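> Protein chains in written order, with this note's numbering: chain A, 14 to 206; chain B, 5 to 308; chain C, 9 to 442.
The set of hints was computed from the structure by calculation and includes no laboratory data. What you are looking at is a predicted structure, and each value in this text was computed from that prediction instead of being measured. Keep in mind that a hint or two might mislead.
The calculated lysine-lysine pairs, modelled on DSS-like cross-linking and capped at a C-alpha distance of 25 Å, are [unchecked claim]:
#1 B:K7 / B:K114
#2 A:K116 / C:K410
#3 B:K22 / C:K219
#4 B:K133 / B:K202
#5 C:K219 / C:K231
#6 B:K7 / B:K52
#7 C:K219 / B:K258
#8 B:K236 / B:K32
#9 C:K219 / C:K208
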Amino acid sequence: MTSSLNEDARSKGLVAALQAAADCLSLTGAFLAVLCMVAMTLLVLAEIVLAGVSRIIPSVPSTTHIGWEYSGYLMGACFLLGAGMTFRAGLQIRVEALLRAGKGRFSRVLETIASLAGAAVAVFVAMALVQFALRTWGYGEVSQDSLTPLWIPQAVLALGAVIMALQMLVRVLACLTGAPLDRPDLGAASAIE
Amino acid sequence: EVKINLADALPDSNFMVKNAVEFADAVKTVTDGNVVISVKAGGSLGLKGPDQLTAVRDGLVEMADINISQQVGVNPLFGVEGIPFLVSSMDELKKYHAIIRPVYEELAEKNNQKILYMVPSPAQYVYLKVLAANIEDFKGIPVRGADKNTVDIVSAIGMAGFVMPWGELIPALASGRVDGVATSATSGVDGKFWEFLKYVYPTNHTWGSNMVTINLDTWNSIPADQQEAILKVAAELEPKFWDVSRQGDVNSIKTMSENGMELVEISPELRAQMEERAAALQAAFLERVPDAKPLVEKYKASMN
Amino acid sequence: MTAVIGSLFGFLFLLLGAGTWIGMALLATAIALGYMFLHVPLDRLIPQYAFNILTSSELVALPLFVLMGEFLFRTRLSQAIFAGLAPWAGLLPGRLLHVNVIGCSIFAAISGSSAATTQVVGRMTLKELLARGYSPDVAIGSLAGAGTLGFLIPPSTVMIIYGVLAEESVLRLFTAGLIPGLLLAGAFGAWIMIHTTINKDLVPESERALKHLSFGQRVAALKELWPTMFLMVCVLGSMYGGLATPTEAAAIGVVGAFILCWIQGMLSLEVLRNIALGAVQTSSVMGLVILGASILGNLSAMLGIPDAVAATVAGWNLSPLSLILALMVLYLILGTALEGFSMIVTTLSVVLPLVEQAGFDKIWFGIFIVLVVEMAQITPPVAFNFVVIQNISGRDTGYIAKVTMPYLMIMIAFVVVLALFPQIVSFLPNLLMG
Ligand code: NA
Ligand code: NA
Chain A
14 MTSSLNEDAR SKGLVAALQA AADCLSLTGA FLAVLCMVAM TLLVLAEIVL
64 AGVSRIIPSV PSTTHIGWEY SGYLMGACFL LGAGMTFRAG LQIRVEALLR
114 AGKGRFSRVL ETIASLAGAA VAVFVAMALV QFALRTWGYG EVSQDSLTPL
164 WIPQAVLALG AVIMALQMLV RVLACLTGAP LDRPDLGAAS AIE
Chain B
5 EVKINLADAL PDSNFMVKNA VEFADAVKTV TDGNVVISVK AGGSLGLKGP
55 DQLTAVRDGL VEMADINISQ QVGVNPLFGV EGIPFLVSSM DELKKYHAII
105 RPVYEELAEK NNQKILYMVP SPAQYVYLKV LAANIEDFKG IPVRGADKNT
155 VDIVSAIGMA GFVMPWGELI PALASGRVDG VATSATSGVD GKFWEFLKYV
205 YPTNHTWGSN MVTINLDTWN SIPADQQEAI LKVAAELEPK FWDVSRQGDV
255 NSIKTMSENG MELVEISPEL RAQMEERAAA LQAAFLERVP DAKPLVEKYK
305 ASMN
Chain C
9 MTAVIGSLFG FLFLLLGAGT WIGMALLATA IALGYMFLHV PLDRLIPQYA
59 FNILTSSELV ALPLFVLMGE FLFRTRLSQA IFAGLAPWAG LLPGRLLHVN
109 VIGCSIFAAI SGSSAATTQV VGRMTLKELL ARGYSPDVAI GSLAGAGTLG
159 FLIPPSTVMI IYGVLAEESV LRLFTAGLIP GLLLAGAFGA WIMIHTTINK
209 DLVPESERAL KHLSFGQRVA ALKELWPTMF LMVCVLGSMY GGLATPTEAA
259 AIGVVGAFIL CWIQGMLSLE VLRNIALGAV QTSSVMGLVI LGASILGNLS
309 AMLGIPDAVA ATVAGWNLSP LSLILALMVL YLILGTALEG FSMIVTTLSV
359 VLPLVEQAGF DKIWFGIFIV LVVEMAQITP PVAFNFVVIQ NISGRDTGYI
409 AKVTMPYLMI MIAFVVVLAL FPQIVSFLPN LLMG
């Protein structure tokens, strides 16, 4: 009895440590996502400014040449690097009718099923994206317009997906051990309460 | 029965897609319904132009109608058709193809696919709001090009070239953020350019073709006699498809004229100036892609 | 094909029912369908799709508008709009509940997308409406409904895609969308008036006093609207003045909103952190749903689902009006699970010849397509406007669907009206463009 309690406590401690690690990674990802979003905005602005100024001063180049391409890469990076944090903060959208209707144990079972499905998908996507970037790197493929090695933006997406997958895996463990799942304090205070 | 998806990034209305559909029908007939190709146009399979070669290579789709110049990211040799002012007509292009097609076939095989037929896009034009009498009149006009090569060429001539997604282009043309476009006449009709632009310059600055390829694993699953029949029908249809492209150019120019656009004649002096300004690009390409040099030299020799 | 379609809906609804995140459920369904019915290496196909979708430059305006919305949410701009509009809205039954419809109509002229429209307007209005004691049912329902106007009132990403696929003039489509857009907005407004007249409790007691202000007071209140005017001039002016493309105009909107925040002295480090994190969160939430919906759409195309369904409808040989009704039902069903864009791209080659043969003009059908894509934005479980509103309000899909239902019904009725009176669509383009 005591030993099983001890084991329980130990596994809870382990899950808590894993959660802390995944949260740390997720926050780092979110920070990188913020940088990507700022860079994306500045890049689009640079494109406007150059186009406008070059009409008045023709010696100024009329375009960055990479604006559209790179703003796309930065957007994708922002989407996926922010995903781990949004999952953990409980902000990703789901249909909550059954989850809310069910009491205690039933709701926990549903939560476990949802987390398992989410983890399976996230792990699949993360592994596939990592292999995708590695293959592109192996073939030496570059983008059509700026000749940028495509493995670089692909690797950034892969990083975001890996963080998201880790967060989901830890969530499955948390479901099984009954640890707390969502941490709203991780995100920005913005929803209407 | 072999069921095949053919990915095409162009819309249903484009002649390349219509050609592909005709080819699919012919294949179905000559293989007695054993090889069924369904053409999925408009990028509906979610694959973009520059992905198509690698998509066929990796077996994501069995066949694709590939815009060759968009594949320069996989191998820069796919850019040899785009060398500025090298080829000046479709007849010359045919001669150039005799030299470069074996190279493309080799590249295709390296990428686990087989070329069934190749069809060029019609001649390239620049469309502007203003009438440019001499080369200085082109200076600084913001012109959208479909790819880096086109952008570099129009920039070399003196315009302010840049790339921009098609979806942004139309509102930008309407508002004056963009004052010109460099593309083929068929695309000009697709974009209904007469709503925004007036003068059509037959610059003929570059050429580009599409190739329809099939994944080699899929190909090898087709019985030998049917393979032969498919190759035969592809070879038969190819000259016809070239004519469709040529005719598409003529018809599109006619449509644009009927809608009030004006085909400007480019004087030999102006053309010479354009070619002179773009010469550095030709040299730069051959330096960056040395494998292209013997092909170009062979072509130039054959023209003399 | 029945097995494929059955599995699609079966998997999706099961996973969603269990509470799986929408983006993940869509992805899981796509992967499962791929393994069951396709012979392609999914581990290579899915990342290629993911890369294409997530880095598509056509989408860049969305996170930019999200960022702009976050700035506005944290300025006094929304309060100012209400202070300026309240005395005027007081003249109408329903009072300030009209701000969503008016705001969405105006913002739709800036943004080409419905999600962006819903996001920015909702960020500004929802909190304030609820704080003033208006009924959340009408506040949220009218936001979800009117948010769809982003696609109908030009500029419009849906019209651009349709124009390319159908070989139609995008400019003509834009022109054709204007009158139907304003009429639909009017219909939403009319419903709000009817609804609040029937049920007086939807408008708070305190707001009813707004009826008795003097004309001078009303005019004086208008000065509160200058920050909004400033922002409108920034964005619309740059776009129609030829300085910026529609996406670039979104970035100008961010700068404008930033300047407003700055002038109002609201830029602390804490606020900036919340704006940045908030924008990343919202973008990430939308990005994952877009990713899942687009991948499922692409795989459906590979499996030939939409064209098979459309071909079935084609085989029925219907009269023109029943054809349009059948297509609307078809798109309503597909639209519950598929994302609007893939729905058009995959069905148009089958449907367009059919519709032309039935005597409908391509411009008219373009507006029809825009309307069904708009409906797909508000039909659960896969409904982008709901994703946006769920993110803003914290309310559940079921509730949002319930309160949005009247607006969906209005749109359905509106399509029937357009089918009976196609002149509503053709009038303006014929007048302006011959
Ligand atoms: Na709009
Ligand atoms: Na929907």
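> Does each hint hold? Answer for all of them.
Here's how the hints hold up against the structure:
The suggested pairing of B:K7 with B:K114 holds, with an alpha-carbon distance near 24 Å, which does not exceed 25 Å. Between A:K116 and C:K410 the CA atoms are separated by roughly 24 Å; this keeps the pair inside 25 Å, and the hint holds. The suggested pairing of B:K22 with C:K219 is violated, with an alpha-carbon distance near 63 Å, which exceeds 25 Å. Only pairs whose Cα atoms come within 25 Å are accepted, and B:K133 paired with B:K202 is accepted, the gap being roughly 5 Å.
A distance of roughly 19 Å separates the Cα atoms of C:K219 and C:K231; the hinted pair therefore holds under the 25 Å criterion. As the CA atoms of B:K7 and B:K52 are separated by approximately 22 Å, the hinted pair is consistent with the 25 Å bound. A hinted pair counts as satisfied when its Cα atoms are at most 25 Å apart, and C:K219 with B:K258 does not qualify at roughly 62 Å. Taking the CA atoms of B:K236 and B:K32, the gap is about 13 Å. The hint holds against a cut of 25 Å.
Restraint check: the Cα-Cα separation between C:K219 and C:K208 comes to about 15 Å, which is no more than 25 Å; the hinted pair holds.
Checked against the numbered hints given earlier, the structure breaks hints 3, 7 and satisfies all the rest.
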